[in-house]
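2 protein chains.
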Amino acid sequence: MSHPLPFISRQQAQAPFFVGVDLGGTNIKVGVVDDLGRPLSWLSIKTDAPRGAEDATARMGQAVQQAIRQAGLQPQDAVYAGLGSPGTMDIPAGMLLEPVNMPTWKNYPIRDRLSFHCGLPVAFANDAGAAAYGEFWVGSGRELASLVLLTLGTGVGGGIIVGGFSIDGEHSHGAECGHLIIDYHDDARMCGCGQRGHLEAYASATAVIQRASEALAADRTSSLHQRIAAGEALSPLLLAQEAERGDALSRDIVLETARYLGVGIVSFMHTIDPAGVIIGGAMTFGGHESPLGCEFLARIRQEVRSRAFPVPAAKTKIDFASLGGDAGYIGAAGIARVAYRRGQGLPL
Amino acid sequence: MSHPLPFISRQQAQAPFFVGVDLGGTNIKVGVVDDLGRPLSWLSIKTDAPRGAEDATARMGQAVQQAIRQAGLQPQDAVYAGLGSPGTMDIPAGMLLEPVNMPTWKNYPIRDRLSFHCGLPVAFANDAGAAAYGEFWVGSGRELASLVLLTLGTGVGGGIIVGGFSIDGEHSHGAECGHLIIDYHDDARMCGCGQRGHLEAYASATAVIQRASEALAADRTSSLHQRIAAGEALSPLLLAQEAERGDALSRDIVLETARYLGVGIVSFMHTIDPAGVIIGGAMTFGGHESPLGCEFLARIRQEVRSRAFPVPAAKTKIDFASLGGDAGYIGAAGIARVAYRRGQGLPL
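Protein sequence lines correspond, in order, to chains A and B.
Counting from 693, one number per residue, gives the positions in the first sequence under this note's numbering.
Counting from 693, one number per residue, gives the positions in the second sequence under this note's numbering.
A hint or two may mislead.
Any copy, or any two copies together, can satisfy a pair, since identical chains are not distinguished.
[Claimed, not checked] Lysine-lysine pairs mimicking DSS-like chemistry, simulated, CA-CA at most 30 angstroms apart:
1) K738 / K798
2) K1009 / K798
3) K798 / K1007
Since the hints were derived computationally from the structure, they do not count as laboratory data.
Excised from the complex, chain A in its bound form (with noise of 0.2 angstroms):
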């Protein structure tokens, strides 16, 4: 997997170092950044899930650990690891609840139990909520004053950030930008989490399939026929291929997504009124390295200033993220430097 940012030396570096974990069903990323956020190093390890929470969280310790010797630090060079984690949690106690994909992590006291064994504080936030921060403190959004991110994959993720600081809700439930409602009809489409007329139901790359295959059950000419026909499997990515080769239906789909993502957005401008969105996650069409990606991102835009207030809608930066996958890692770092930065009481 690449990462779009170049490794600095020690030598650049700034201290102090802070570790970023990136805890997600498949894989745990850990890096190492300096006090700028600059990454000195990266590894993934598995997280398989189903050895168990305790037997993960010691091996993202050792991860930890590794990390810093791969930067060329001395284990007392980093003073605080961030921890970014899916499922619903209870954040001031570090604890999570329910994984919806690691079904025996329940009630697990995952911030601690790092901490115990990677011997450094750990600071705990939602994945999403990490991976907003690291775009607002280094990425798209670090010239923005507050941001929303929105990741797009197999759900609609989010963060919210404002004042410096995360939005992560009285209930630890701040921030789940997916299940904002665009549609509160009884026939409107089903989420993930079994409730209608979420912007998770129309703009993740699951209702993209699922919107897909309507258009293709109603048999409107595709190419995509002739490819699921060959074997292939509806995705995004098949999409985004097919689009980009100038079928309609590819196409109208990929673009009716930016529409209902419009959508949202604008909610969001109508109450947090940040000063930039940003467009993250495994489906953004190829971003700004595409043309589908540009043109995805322009409907978004268009969508956007058709239906926002004129002063937000002129100027509220729209962009994709620029931190692919280490967005993660860096943001969990960015979060245990603003614990470190806090314990110290040094300004934030």
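Given chain A, put chain B in place with the hints provided.
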């Protein structure tokens, strides 16, 4: 006009003192509160908007001094004033931009002009943001760490308090809670702002009247027909009266409003995740004092619980506001207190 909070005497009050100004399209309410948010005096003057912004602001300044005298205070006892204003604004600059109901007041530096006329430093806020701060400080939200206030009137206003502060937004468009999108479809209801599908287009007094008109035009049986034939105008109050007398159509329209509000509230719970959501404004159908108001609130809670994630559904307080028409000036005074304490280096 009654006020729900009794005045306290100068002897009982705790210094320092703050003056709150609640600017409305028709009236301007000015009140003095002590350091604990308890009112000592209160008066109202006409806005008389056509006479212009400077004229009204000069009279506001006089009213501030009059309210201080009525409170039994010396001018120097009041240390800071706060102003809550409607309309589009630039909060950091202290400017009114385009107040909808006061068209000649464009691009007016109201904060600094009020400061000139009243002789006090002035903190500036959105009217609904000030009301939200009032409910947070001494109202329904006084035991909540964070809240969203929805004010139901001609439109739907809002305020969001997180971390002890109002979310004003990067472009002073934060907490335009009535302009959350709850229906993305092209045929969604039209909002007063000219866009479709906003919460305000379903749950404001204007929307209630519109929905009732449509139901009556569809010839549904209702005692409203007689009242309208007798020359009365459709209003939330008329609906409430007929609903309480057993009119099914009136009751349906009122409770349908609760459903839309529930949808909007869930979006706030899944993004802001506040400790509580407070419903205020002129249209609460009698609030806790009336059977219809209680049923209205119960239906909001029911809709919320059926749609929200289990943890916030169980834990988020949903209740009516408790300060009534005093929330605006008390909250403006509270925002003045925050500005004062920040300036003095006191804990916030």
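Next on the checklist: Check the structure against each numbered hint from earlier and tell me which ones fail, lowest number first.
Outcome noted: none
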